[in-house]
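The chain contents come next:
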Amino acid sequence: MSKRKVKNDHMPVGECITQVQKILRERLCHQQLPQKLVGVEAQHKHLLELLKRTAIHGESNSVLIVGPRGAGKTMLLKCVLRDLLEEKEVQKNLLQVYLNGLLQTDDRIALKEITRQLHLENVVGDRVFGSFAENLAFLLDALKKGDRSSSCPVLFILDEFDLFAHHKNQTLLYNLFDVSQSAQAPIAVVGLTCRLDVLELLEKRVKSRFSHRQIHLLSSLTFSQYLDQVQAQLSLAHDFPDTKFAEDWNAGIKTLCEDKSVEEVLQKHFNSSKDFRSKHMLLMLCLSRVSVANPAIKPADVLEASRLCLADAKANMLHGLSILELCLIIAMKHLNDIYEGEPFNLQMVHNEFKKFLQRKSNSMYNYDQPVVMKAFEHLQQLELIRPVDGSLAKTQREYQLMRLMLDHSQIMESLQKYPQCPTDVKQWAMSAFG
Amino acid sequence: TMTYFTRQRVRRVYKWRGEPLSFNRKLKTYEYSSLAISVEGLARATIITTGQHILIEGEDDDNPYVARVVRLFGDESGKQKKAVVQWFVRVSEVPPFKLKLLGRKPHPQEIFYYQGRSCDDEVDAESILRPVQVAEAPFPDSDDKDTLYVKLSWDSKTFKVMESEPSLASSPPASLASRAPPRHVLPTPDPAVMRRATSGEVRCNGATMSTGKAGAMEAESLHSATKLSASKCLSSKRRNASARTPGVRKKLELCSPEKMTRDDMLLQLLDKELEKEAMLVQRPPSSPLHTLDLVERLTPIRRAHRAPVAKDAVPVTPSTLVINKLSASEMDSPPSSARDDSTRSEFTSPAEVDDENSPVLPAAITPRGSKRKSAQLVSSRIRKQLNLLDTQDLSSDGDDEDEFLPSKKEQQSSSEEEEAGLDSEEEVVMKRGRHTAAGSHTPRSKRKTRSSMRTPRKTPSKKTTPSTPRTPRHATPSIPSRSLPARQPANVLEEARERLHVSSVPESLPCREQEFQDIYSFVESRIIDGTGGCMYISGVPGTGKTATVHEVMRCLQRAADEDEIPPFHFIEINGMKMTDPHQAYVQVLQKLTGQKATADHAAALLEKRFDNPAPRKETTVLLVDELDLLWTRKQNVMYNLFDWPTRRHARLVVLTIANTMDLPERIMINRVASRLGLTRMSFQPYSFKQLQQIIMSRLNKAKAFEEDALQLVSRKVAALSGDARRCLDICRRATEICEHSATGLVGMSHVMEALNEMFSSSYIMAIKCASVQEQLFLRAVIAEFRRLGLEEATFQQVFVQHQALCRVEGLKPISVSEGLAVCQRLGACRLLLLEPSHLGVMQRIRLNVSQDDVLYALKAD
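Here the protein sequences come in this chain order: H and A.
If you count the first sequence from 1, position 203 lands on 203 in the UniProt record's numbering, and the numbers rise without skipping.
If you count the second sequence from 1, position 671 lands on 671 in the UniProt record's numbering, and the numbers rise without skipping.
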């Protein structure tokens, strides 16, 4: 033990950094499930017992896991399955079918996928995939033939459950729930969704067959818990090869989390959203700044990562515009102010721009109509402006009504950072009326 | 040597071959021995003779019906050509679920000797397609498509081993006809009567002497049946039968509310009285003289059946029973004892002959013609036996003729008697009771022993399996079975949970007694009358509609199994379990016949099936669940489903289930609604008392719940929906919660928790758990709504409010992108309703929760 320790102490820093990044990336990208879930113990227990009863007693069940995006619904389910499959009795007695509403966009595809995942297609050859109707009859037959005590329980996991409710007649859901409420093969239907109103989507017959069990994942996380989580997620475990490095790293993380500016940044993120994913995104950005030259996460890294995370996408785009395009945007802003958000057309914008040139400008001169037109079209391609619904194609392009898709704050923000922005343009933008 | 016709619609010309064998004066029919079928354009003609196996045109062109010609006859004009046949059933005609009884995979070429009673054995000779080769099992390994194999007999309930016949195809082919299964029943239209006949037949096995009596009894009862309406007669019988099984009786009497008719009463009284009498008669073995005496008096019908035993050569004229009997037994015994003593030594007794013939009797229920028909049938059967013997052994031919030919004199006399007997019907009626009684007390042991003899002789499945490869068409996939057995409930709570699962089938359906009875009597009366009808059942989900219909069907099936009502076929389709309304046809057809077809083809086949009179037709009960899903623009599917029952030959009962009471008025066009008729029933949502009763009956005294807890659940559910499923689910969840808290009984607190979990709105909780910015955004939305006085605002407008609120709260203002992200998150969990996100800052926002709820949630925070 001590021998290995000594040896490990000599691990080069570069290798350690690679190791750290590998471990932490796995952790942050959900590839590795946490040992224990925090804050959702009750839900974990409920779901585990439910699925256990299906696997062991052959009791059919249906349940929905509801929670906002990034609340850890899939993680909860995965953890439960991991714990469940540790039991030998369960291991041999559970078939799993994964469906995702984004992939199985209609019941036909879903049925094929179920058949495939249950390995039923091998029983009969290809002909079973003849038609949708045959598939359905085939699968229902298969499930009907089973019974509680002798058939292997099947776990149906429906990710993005709400999308299945939009399938025609909700055939799949009706049948799954119907099987779960009748003496057929034991099945457990687990739906994952972020919609709180998911039950209202179900047709009354489907709804009646659903057991109405809902597991809500609403995190009542406090900021101190959030901070602890951040620290835990960045810390290295004891089994890290280079103990010395790990100790240093962990100490660094501890001081980092105690840093006032870092805390402020994290507070801002916490205020914005409590979901796992946005937090992991921030931490990933911090992590990727770690290198041999910079072997620990420093407060500056966190600030920079936060800046990247919170940067306004549209404002960033404005930086890449030409000065003419920027001027057109400013003209649109003034038109918006004057006409209280009424749509405008190219001619109006151009006139506004010309007014500015005549009255205030000393650095800019007029452009030809075709050039302005080109710039206008470019803005439309970038979706910074949008044609008003229904005014397409009928009118000439110059007179097509448009709306500006930017908020004034975005324009002002980008002007501050726009490289070598002429002062008169800036002043024009800031003046109250054109 | 046989000519096989192709399946194409060829025009066939049917001609009698040779002179008529005999002429029946009463019916004015000529008997023929063979029929020539020639196809236009082909020189050669196919000859059909009695005893030959033939294919008869049916609904399915690929699988025509198989039968053996028993008799051929035509009318004077020569226009009508008829044939009396013994049916065989193809594998595809046996209901798929019954095929399981076989215990092995059927050979594709396998057919079953049909012993059922529900089909007409008289067919139009012009429906004969061609002869076919029928051989006895074992099935060869080679797939000879032209030969069919028979091994078992099928009586619409069970398979039985057919008495082994040495080389059925080549050698004495008559064997089947004369002796095959001991109680080989010819198909007649009225099963109930047949039942009587068979039971009578069993009884007569006991004593040779009583055969005559039993037969006569049958005849009498049939006469009375012609007087009473058929259904009345049946119901009286049913009552008699149910008297033996008290449980069933109760139910049946509830369901058949009509009062006993006077005749019924009379019959019953008569039965009872004569029962005693019969006991007396029975005890000392009745002497042959006695029987003869009886027979003499009862001749009319008895003779009618006996008569045909007379030979082909002479005109069919009935002879006396005694002679017939003798001749029959003589005819039967020598070949059978010679051929297979080992299996059937007992059948050589004269009783056996009678045993076989007696089932023919019930044919008498249809007036004279069919009486005659069945009589002729018997004769032709025997004749055929002889004919076939001829083919086997020409030399013996002459001997047989001589030996079995009754004297003309005797025949003459019996025909006179017949006429006399027919006139004295009343006299016969007077005597019926005695025989009934006599019969009912004879032990049934014989039948039982015989059937038990059969059962062990199950065909080894090894032989047949290789020749029937599993094709996708008949593939029945299944979920793999579990490797470890399911654990049984270990404690009271677990047991209660199992009982409370919606899937567990309760012993009874409480609170739906009235509905049960209404449906039961509706379907039962339709089955007994052999008519069709529609019924519409409505009710909100979870009120036990489907469960009740299933329960009714279980009871009816039980009744059918006990021969209280004619057998019927129950099939079920569900609008939700099909992908397209037109799939209804496909599913009905498949469940009815096992055939697979496209929707259009299936519709055509079903149309044909329900429109045409077909032999061997049972009543079909069709349950159409979730009817509203079968709606199409032209409403063809619904129209057909409701139109078929009105067809004369359909014998179809359609039960439809849907949720809304006014569905017929709302979505059906007039011609569809009109056909659905007015037989409607609506299932009311359960009241709290009923729900309580349902849980109690499910729990079945397993003490798991406190009284108050049950009441709370049922009151709550009754107030919400009256959905029994909900009620059971809550109770089940409550047991789980109780298990955690480790108190003995499920109490109020557990139920409350379960109720909260399932019914409380999660919106408020979700708002409370939302992040600071999300909460702020919701407040901004409300502020903007108030400012605008509208319930809708664009993101841009709300965002201005949001920025202001941020400043008030001392938070750093967020960027637009971030604000949009917050807004999207709230939209994803549907606290807000949003326009598509590509609209960016222009998208309009609405609240999906009431403003009060939002404010309440935010204030409590």
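Read the hints as simulated data drawn from the structure, not as lab findings.
Hints may be right or wrong, so weigh each one.
To be verified - Okay, derived cross-link-like pairs now, DSBU-like style, lysine-lysine, Cα gap no bigger than 30 Å in a straight line:
(1) A:K689 <-> H:K204
(2) H:K52 <-> H:K145
(3) A:K703 <-> H:K45
(4) A:K596 <-> A:K100
(5) H:K145 <-> A:K98
Said to hold, decoys possible - Stretch by stretch, here's where chain H covers chain A in the computed footprint (C-beta under 8 Å, at least three residues):
(6) 573-579
(7) 778-791
(8) 816-827
From a predicted model like this one, the values you see are computed outputs, not experimental measurements.
Idealized CB from N, CA, C, for every residue including glycine.
Okay, the hints, checked on the actual structure:
1. A:K689 <-> H:K204: Roughly 24 Å between the alpha carbons, so the hint for K689 of chain A and K204 of chain H holds.
2. H:K52 <-> H:K145: Holds: K52 of chain H and K145 of chain H sit about 22 Å apart, inside 30 Å.
3. A:K703 <-> H:K45: It holds: about 26 Å lies between the C-alpha atoms, which stays within 30 Å.
4. A:K596 <-> A:K100: Roughly 19 Å separates the two Cα atoms, so the pair holds.
5. H:K145 <-> A:K98: At roughly 15 Å apart (the allowed maximum being 30 Å), K98 of chain A and K145 of chain H satisfy the hint.
6. 573-579: n = 4 at 8 Å, threshold three: holds.
7. 778-791: violated (count 0)
8. 816-827: It holds: at least three residues are needed, and the stretch 816-827 of chain A offers 6 whose Cβ sits within less than 8 Å of chain H.
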